[in-house]
Amino acid sequence: MSIAILPDDPQLRERFGELKPPLTAQAAVIEANRCLNCFDAPCTAACPTHIDVPGFIKRIASGNLRGSAMRILDANILGASCARVCPVDVLCEGSCVLHRQNHKPIQIALLQRHAMDNFHASSRKIPAVPRIQNGPRVACIGGGPASLACAAELCRRGAQATIIERRPLPGGLNTYGVAEYKLRAADSLREVEMIQKMGVEFRFGVSVDSASVLRELEAEFDYIFLGLGLGAMQRLGIPGEDLEGVVNALELIAGYKIGHIRQVHGTVVVVGAGNTAIDAANAARRLGAQKVYMVYRRSEIDMSAFIFEYEHAKQEGVQFLWRMQPLAIKPDAHGRLQLETVQMQTMNGSLVPVPNSQTTIDCDMVVPAIGQSPLAQLVQDLRGVEVRDGRIVADRATGKTGNPRYFAAGDCVNGGREVVDAVAGGQRSARAILQSAGVTYA
Amino acid sequence: MRAFDAGWGGAVWKTIGEPITNVSSRYSATDWNGLRMMGFNNIELISDRSIEINLREMMEVKKRYPQHAVIASLMVASNREAWHDIVARTEDAGADGLELNFGCPHGMSERGMGSAVGQVPEYAQMITEWVKEKARTPVLVKLTPNITDIRAVARAAKRGGADGLSAINTINSITGIDLDTLTPRPNVDGKSSHGGYCGPAVKPIALNMVQQVMSDPDAALPFSGIGGVATWRDAAEFILLGCGTVQVCTAVMHYGYRIVEDMIEGLDSWMDEKDFKTIEDFRGRSLPKVTEWKHLNLNYKIVARISEQKCIGCDLCHIACWDGAHQCIHLDRESGPVDGHIEMHPIPAMSEMQSRAAITETPVSRKERATAGLGSDATPLSRIPRVDETECVGCNLCSLVCPVDECITMVRVENGLQADTWAERANDARETRVQRT
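Line by line, the protein sequences give chains W and E.
Residue 442 is where the first sequence ends in the working numbering, and the numbering goes up by one at each step.
Residue 437 is where the second sequence ends in the working numbering, and the numbering goes up by one at each step.
The hints are simulated quantities; they were obtained by calculation from the structure and are not laboratory data.
This one's a predicted model, so the numbers in the text were calculated from it and none came from an experiment.
A portion of the hints provided could be inaccurate.
[Stated by the list, open to error] No farther apart than 30 Å at their CA atoms in a straight line, the calculated lysine-lysine pairs in the DSS-like style are these:
| id | chain 1 | residue 1 | chain 2 | residue 2 |
| --- | --- | --- | --- | --- |
| 1 | W | 291 | W | 330 |
| 2 | W | 314 | W | 182 |
| 3 | W | 400 | E | 310 |
| 4 | E | 63 | E | 203 |
| 5 | W | 291 | W | 314 |
| 6 | E | 301 | E | 274 |
| 7 | W | 291 | W | 182 |
| 8 | W | 20 | W | 182 |
| 9 | W | 400 | W | 291 |
| 10 | W | 182 | E | 367 |
| 11 | E | 367 | W | 314 |
| 12 | E | 203 | W | 20 |
| 13 | W | 104 | W | 314 |
| 14 | E | 301 | E | 14 |
| 15 | W | 197 | W | 182 |
| 16 | E | 14 | E | 132 |
| 17 | W | 330 | W | 314 |
| 18 | E | 14 | E | 62 |
| 19 | E | 301 | E | 191 |
| 20 | E | 310 | W | 104 |
| 21 | E | 277 | W | 58 |
| 22 | E | 203 | W | 58 |
| 23 | W | 104 | E | 367 |
| 24 | E | 203 | E | 277 |
Chain W extracted, bound-state conformation:
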């Protein structure tokens, strides 16, 4: 099955123009030449997929752009999307030794993007690997980064992998959940297409939601990799949550990315202060909201969003309401919404309401963004796979679960981290699957 292509949407392109423009070819070479080429580089160590950063950067400097991209892809098959979405401040760029010399780290993300953009633009392919005889057949459930990385790694080592995705488009949150000004859905799909061309098979619109479907998969495949991601968005648990105009953050983001939501208006209140909450708030601004508030029950210093995301939101004109807890959402007489809130304070280490501090915010949309809930019911049915606190229990180094035919990695194991963590986990699982299947390499 070929991957559906999203039609170009000029309005989307205009409103969600890229946050950081790509480097020009010459700027990339100048920046690449700045890299010291550290021994056992800290940037490589800091990257969960351990991309040979100085290696790919020096290849840019020498004009070996194809080699540069291959160097990246060797370690991280989603190198193009990671270049756009990785919080590099706390990863490779954060660990650059130049912080300690002149406070100007190498722009690793932009360089990586330069190499990958060139790779994709030149319609290069990853060299095909011959299939190994009687290799394991693996089903990767979920079409997000963990499964893509696992399947690609299997394929590159000559094994067979099939990705099973319930939605019509692959890529998981890369396609549906990342702010468009960071990673366009089209770019995510282009990357998946490259993986498909490597020989990974895809089945779309297949929900693995019952024991019977699982049994069918178990009959067809030798191993099953769980790259399920997280469950649905957490509910606020307050009255009025199902009213029209209450749209959770992931719904909002996916909605505008694939064209279902064209614009919003009036006042939007985002509840929560994580990175996804910020993506949703910024999106609301760009889609036309006059006012966007972020409501968070704790204070600024407790916020889980990265500092650069917080700064970005402020620049987009998002206003923050700290120590405020939603109590209820009500419709008003004019078809708008009223969000009832109460001020919070910390007493004896716990968060309690301030008496008589209720306020009401008149708004047009409420966007719950307080994280994704643990996994759906499905995993409870997996024989021998332990689930604790809504996460699958799997070995970090191998992805092994309690059931020797099941491996797992990504958000469903780590509780929700970055794309690059999912890629690293998926890749490690693939190697462990091959080892478990008795495939050895010279």
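Once you have looked at the hints, place chain E on chain W.
Showing chain E alone in chain W's frame:
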């Protein structure tokens, strides 16, 4: 005239002779690590304008700038009359001195001029003598570096009566090849030809040649230093090896005449700092500090020290020492120092393997980020290399690769041994043999 207005003291008028036809293109360069024109190459010949025009303009310039030195660079066919004629005409035009171009390494040399003269001491001496028969102004001989020992021609020039020398002319070069067309640069209708190399890249070669000539009593003459001079520092170095003047060309072609402003100011303030009143106060001061290898003290011992405070943890010194020197810089501050030979230490590939095998996760929570040590000013101890001074030979390599100023210093180690040189050892050995027989 624009150069004189900018502050230059003199100019060499290059090069007057029977006009030639040039090709296009004429220049090419060697870029390095993103920087342009580390080395520069030309296949241009001498002036393509007639001797009359050159001399008329020279007269004009001297009229307007009588205080500025104008040296005429000359190159004519190798016969006495031709040289006598050009010398007389040039001096009549007002030249303050003559520079005999025995250096041009391309084109002119194929016609028996330029370096074809400069590579044969007898020719160089002969032509210098012809010129001196006629010349009333000082005569400089410009030497080519495209020769095994530059002193041979310098001595010949001196024998021929030259008043001074200038060096170096450009070095034979092919700067590079276009990897698409496979044609070397510069490309003249699909073909190229070797050119003359100059610019910052040639300065070390030039300094060595200046030193060789200036340290040889049979060759040394007043010297005009040439070769990669672009800043006051370069100028100071040439002067420290005995040059009375320096000539600048490539740097002006790159940046324009105004580079002389910093050359003047920088040299001035350095001289102030060092309490030098005139050029003569420091000219040649470094010459006694250059000697033959056999007179170097074999018992002088230095070792590298790495500053824990300044180290940024790039570990370039570690891999440079392991792969390019003496395997005595180790990453063992955390695990405990081990002194001794190579076999006692884990090889660098081990560290790389360990880092790549480690499981790393993005620090997503505030707490994780706080413990990740990001943006910290302190380099982790495990990444600060340590020098095993028992094995360090004091080669300097680590201090050269270190990107941080004054992070790696070379420190003298007192070993209680008296100075000893190879020459002395050889001499002692000879005496011992003589005594035995």
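Verification of the hints:
no., hint, result
1, 291(W) <-> 330(W), "holds (19 Å)"
2, 314(W) <-> 182(W), "holds (17 Å)"
3, 400(W) <-> 310(E), "violated (44 Å)"
4, 63(E) <-> 203(E), "violated (35 Å)"
5, 291(W) <-> 314(W), "holds (12 Å)"
6, 301(E) <-> 274(E), "holds (28 Å)"
7, 291(W) <-> 182(W), "holds (22 Å)"
8, 20(W) <-> 182(W), "holds (8 Å)"
9, 400(W) <-> 291(W), "violated (47 Å)"
10, 182(W) <-> 367(E), "holds (26 Å)"
11, 367(E) <-> 314(W), "holds (23 Å)"
12, 203(E) <-> 20(W), "violated (42 Å)"
13, 104(W) <-> 314(W), "holds (24 Å)"
14, 301(E) <-> 14(E), "violated (48 Å)"
15, 197(W) <-> 182(W), "holds (25 Å)"
16, 14(E) <-> 132(E), "holds (20 Å)"
17, 330(W) <-> 314(W), "holds (28 Å)"
18, 14(E) <-> 62(E), "holds (16 Å)"
19, 301(E) <-> 191(E), "violated (53 Å)"
20, 310(E) <-> 104(W), "holds (16 Å)"
21, 277(E) <-> 58(W), "violated (48 Å)"
22, 203(E) <-> 58(W), "holds (28 Å)"
23, 104(W) <-> 367(E), "holds (25 Å)"
24, 203(E) <-> 277(E), "holds (26 Å)"
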